[in-house]
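So the sequence lines, in the order shown, correspond to chains A and B. Per numbering that gives the first Met the number 0, the first sequence runs over residues 0 to 148. Per numbering that gives the first Met the number 0, the second sequence runs over residues 0 to 414.
Worth flagging that the hints you see were computed from the coordinates, not collected in a lab. No residue lacks a Cβ here, since even glycine has one placed at the ideal position from N, Cα and C. Hints may contain errors.
Okay, derived cross-link-like pairs now, SDA-like style, lysine to any residue, Cα gap no bigger than 20 Å in a straight line [to be verified]:
(1) A/K13 x B/R32
(2) A/K61 x B/R32
(3) B/K41 x B/C87
(4) B/K284 x B/A400
(5) A/K61 x B/R97
(6) B/K368 x B/S347
(7) B/K211 x A/P51
(8) A/K44 x A/Q72
(9) A/K61 x B/P365
(10) B/K284 x B/T183
(11) B/K211 x A/P85
(12) A/K61 x B/P94
(13) B/K211 x A/P27
(14) B/K211 x A/A50
(15) B/K337 x B/C87
(16) A/K61 x A/N104
(17) B/K101 x B/E66
(18) B/K368 x B/D297
(19) A/K61 x B/E96
(20) A/K61 x B/G391
(21) B/K346 x B/V407
(22) B/K211 x A/K61
(23) A/K26 x A/N104
Heads up, incomplete: computed chain A residues facing chain B, CB under 10 Å, no partners named [claimed, not checked]:
(24) G16
(25) V30
(26) P39
(27) A40
(28) G56
(29) Q72
(30) P76
(31) L98
(32) L100
(33) H102
(34) A117
(35) G122
(36) A126
(37) L139
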Amino acid sequence: MLESHGMLHIDESKAAGDTVRLQGGGKPEGVELEVLIPGPAASAKPLVLTAPISFWGGVDPKTSVIADVRHPQHGIPIAGTILTLPGTIGSSSASAVLLELIHRNIAPAAIILHEPDAILLLGVLVAREMGWKAPAAFRLDRRNFTGLC
Amino acid sequence: MALELGTQEEALLAGQSGEGVAMAMRLVCESARLLNAPSLVKVASAHIDGALYHGDSGTLFAERLQELGAKVSIRSTLNVGALDLTGCSTNRLPPHERDMAKRLMKAYMTIGCEPSWTCSPYQAGHRPALGSDVAWGESNAVVFCNSVLGARTNRYGDYLDIACAITGFAPKTGLHLPENRLATFVFDVSGLPFAEFAEESFWPILGSLYGKRAGTSIGVVKGVPRHPGEDALKAFGAASASTGGVGLFHIAGVTPEAPDVETILGGKAPLEVMQISAADFADQKRRMATVQGVTSIDAVAIGSPHLSLEECRRLDLMIGGRSLVTPFYACTGRHVLKDLESSGLRKSLEAAGVTVVIDTCVVVTPIMKELSGGVLMTNSGKFAQYAPGNTGYGVVFGSMAECVESAVSGRPVHA
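Generate the whole structure from the sequences, applying the supplied hints.
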């Protein structure tokens, strides 16, 4: 299910609304990402979740491992990946779990979403306010997800 | 879309009321941008879910706000924390976690939040007016506030809730806008047996089914014969918000924005009409349990959302002076504790073997014995949903009366 094409690369981003190119993976020309929250460059393996996830109860904040036994990617750590999410569900404490991952230095290297998810991304916004190293977040049209892995 | 700010909002952002308020305002404005909101809306009150310990980062954030001198600008009640500060119950949190959880709770109080420590703030005197804009967090509180009180809030997640409470503003989008509060589908329960509606356990089961069918859509329940009482609506809403992303439901003839089905559909045809059959209901009832064929239970937990005084009274009557052999946890808030003590109910419940849990609950902090393969019985749709993941216990479901009879005998009793 998680057929990987090796490392992906995203340049450093400066401002929300800008466009950056995701390089590597299955598309030689890369794909364009819309910057939701700017952040540092990332070179990392992709992790494409194939089902929506509830971060609270679904991701272990101490290890970054997907803890929801019903999730297709159960058991896989999200730390250091370019995490691509088809959506989030459930508790509104998702932001707290993501903030905790960032504080423990086990957050994804970058986050790519279909739709801006204000609850989840608040974890990134708060981390930036705290001066912690926070991943950038991007929007990618659902149609382009398939090209990634 | 560019976010338009008024002069007061610009001033807060510029730090006129201090750096703590400015930081909160940046979070509100950034969220508004992510949500594509054109402007902000003034909010009259807040209910804060951010004081539950999930890790040190949340404590450090709250203490940063405190150091920067931030104070809430509107009435702000607190949802549960990880500790029972009244000492009615104890938990197994390790020393570091306990210390950080306590610091977190203290920081929120210093910022000016009321130490209500309950997930039923709407039964603790915090009842915003019909049509008013508020910023509430915690899924059951949000759904009750929107649906039963008719106040307007989105599902404010951790940290945005406190940012709205400090600034007094929230992104003007979603359920703050009347046109987004209309129902788009009909959930027709008129085919269910009339007598079922009077059963206490009917409502959390129906709520769980509704949540699964609704997802994040807004529906109107059709065919409820009469107002079932607030505790029933509380159970329905909490269950629906744990199996689905429900932030607002309507019940025709019961909830304030739905005098009838046609009105709350806004005169439009529904996208879908779901006819709920007795078989659908029976199927959901079976699915409330995660373990089958068990012959003994290891614990009973009730009170998610927190029990009202009325529910505590009923519990005491059902126990009727008998002794419980199974550990029994009754979760409620300090708004109820006063009356439990003055009426002698606390003494009576504890004498029977009930652990009264205040300020917190058994699925958010380790109160119950660690027990692999343990079986928990509950009457709460929300506990049924979250207990397996959060406590490791399997779940069997029953009414409050069945929970009591089971705890008297130590094995699951179903009427």
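Here is what the structure says about each hint:
1. For the suggested pair A/K13 and B/R32, the alpha carbons sit about 16 Å apart, so the restraint of at most 20 Å is met.
2. For the proposed pair A/K61 and B/R32, the alpha carbon gap of about 30 Å is over 20 Å, so the pair is violated.
3. A distance of roughly 38 Å separates the Cα atoms of B/K41 and B/C87; the hinted pair therefore is violated under the 20 Å criterion.
4. For the hint pairing B/K284 with B/A400, the CA-to-CA distance comes to about 16 Å; that is within 20 Å, so the pair holds.
5. Of the supplied pair hints, the one linking A/K61 and B/R97 holds, its CA atoms being roughly 16 Å apart against a limit of 20 Å.
6. A C-alpha spacing of about 23 Å is found between B/K368 and B/S347, which places the hinted pair above 20 Å, so the restraint is violated.
7. For the hint linking B/K211 to A/P51, the alpha-carbon distance of about 15 Å falls within 20 Å, and the restraint holds.
8. Taking the CA atoms of A/K44 and A/Q72, the gap is near 15 Å; set against the 20 Å cutoff, the hint holds.
9. Simply put, A/K61 and B/P365 have alpha-carbon atoms about 16 Å apart, close enough for the 20 Å limit, and the pair holds.
10. For a cut-off of 20 Å, the pair hint linking B/K284 to B/T183 is broken: about 26 Å separates their Cα positions.
11. Between B/K211 and A/P85, the direct Cα distance comes to roughly 19 Å. Compliance with the 20 Å bound is thereby established for this hinted pair.
12. A threshold of 20 Å between alpha carbons decides the hint, and for A/K61 with B/P94 the separation of about 17 Å falls inside it, so the pair holds.
13. Restraint check for B/K211 and A/P27: not satisfied, since their Cα atoms lie roughly 41 Å apart, outside the 20 Å limit.
14. Using a Cα cut-off of 20 Å, the hinted pair B/K211 and A/A50 holds, with the two alpha carbons roughly 16 Å apart.
15. The suggested pairing of B/K337 with B/C87 holds, with an alpha-carbon distance near 12 Å, which does not exceed 20 Å.
16. Under the criterion of a C-alpha separation no larger than 20 Å, the hint pairing A/K61 with A/N104 is consistent with the structure, at around 10 Å.
17. Taken as a hint, the B/K101 and B/E66 pair is honoured in the structure, with Cα atoms around 17 Å apart against an allowance of 20 Å.
18. About 9 Å separates the Cα atoms of B/K368 and B/D297, which keeps this hinted pair within 20 Å; it holds.
19. For the hint linking A/K61 to B/E96, the alpha-carbon distance of about 13 Å falls within 20 Å, and the restraint holds.
20. Taking the CA atoms of A/K61 and B/G391, the gap is near 17 Å; set against the 20 Å cutoff, the hint holds.
21. Distance check on the hinted pair: B/K346 and B/V407 sit about 18 Å apart at the alpha-carbon level, within 20 Å; holds.
22. For the hint pairing B/K211 with A/K61, the CA-to-CA distance comes to about 30 Å; that exceeds 20 Å, so the pair is violated.
23. With a C-alpha separation of about 30 Å, the suggested pairing of A/K26 with A/N104 is violated against the 20 Å cut-off.
24. Evaluation of the A/G16 hint against chain B yields a held restraint, the C-beta minimum of about 9 Å falling below 10 Å.
25. With a cut of 10 Å, the hint placing A/V30 at the interface with chain B is violated, because the nearest CB-to-CB distance is about 21 Å.
26. For the restraint placing A/P39 at the interface with chain B, the shortest Cβ-Cβ distance is roughly 18 Å, beyond the 10 Å limit, so the hint is violated.
27. For A/A40, the interface hint is violated, the least distance from its beta-carbon to any beta-carbon of chain B being 21 Å, above 10 Å.
28. Taking 10 Å as the C-beta cut-off, the interface hint given for A/G56 holds, the closest approach to chain B being about 5 Å.
29. Using the Cβ-Cβ criterion of 10 Å, the hint placing A/Q72 at the interface with chain B is not satisfied: the shortest such distance is roughly 16 Å.
30. Interface hint at A/P76: violated, since its Cβ lies 16 Å from the closest Cβ of chain B, which is beyond the 10 Å cut-off.
31. Hint on A/L98 holds. Least Cβ distance to chain B is approximately 5 Å, under the 10 Å limit.
32. With a least beta-carbon distance of about 9 Å to chain B, the hint placing A/L100 at the interface is held under the 10 Å criterion.
33. Below 10 Å, beta-carbon pairs count as interface contacts, and A/H102 has one with chain B at about 4 Å; its hint therefore holds.
34. Interface restraint check for A/A117: the shortest CB-CB distance to chain B comes to about 5 Å, inside 10 Å, so the restraint holds.
35. Given the 10 Å rule on beta carbons, the hint for A/G122 holds: about 8 Å separates it from the nearest Cβ of chain B.
36. The beta carbon of A/A126 is positioned within 10 Å of a beta carbon in chain B (closest approach about 8 Å), and the interface hint is therefore held.
37. Annotation: interface hint on A/L139 violated; nearest CB of chain B at approximately 15 Å, more than 10 Å.
Hint compliance for this structure: hints 2, 3, 6, 10, 13, 22, 23, 25, 26, 27, 29, 30, 37 are broken, all remaining hints hold.
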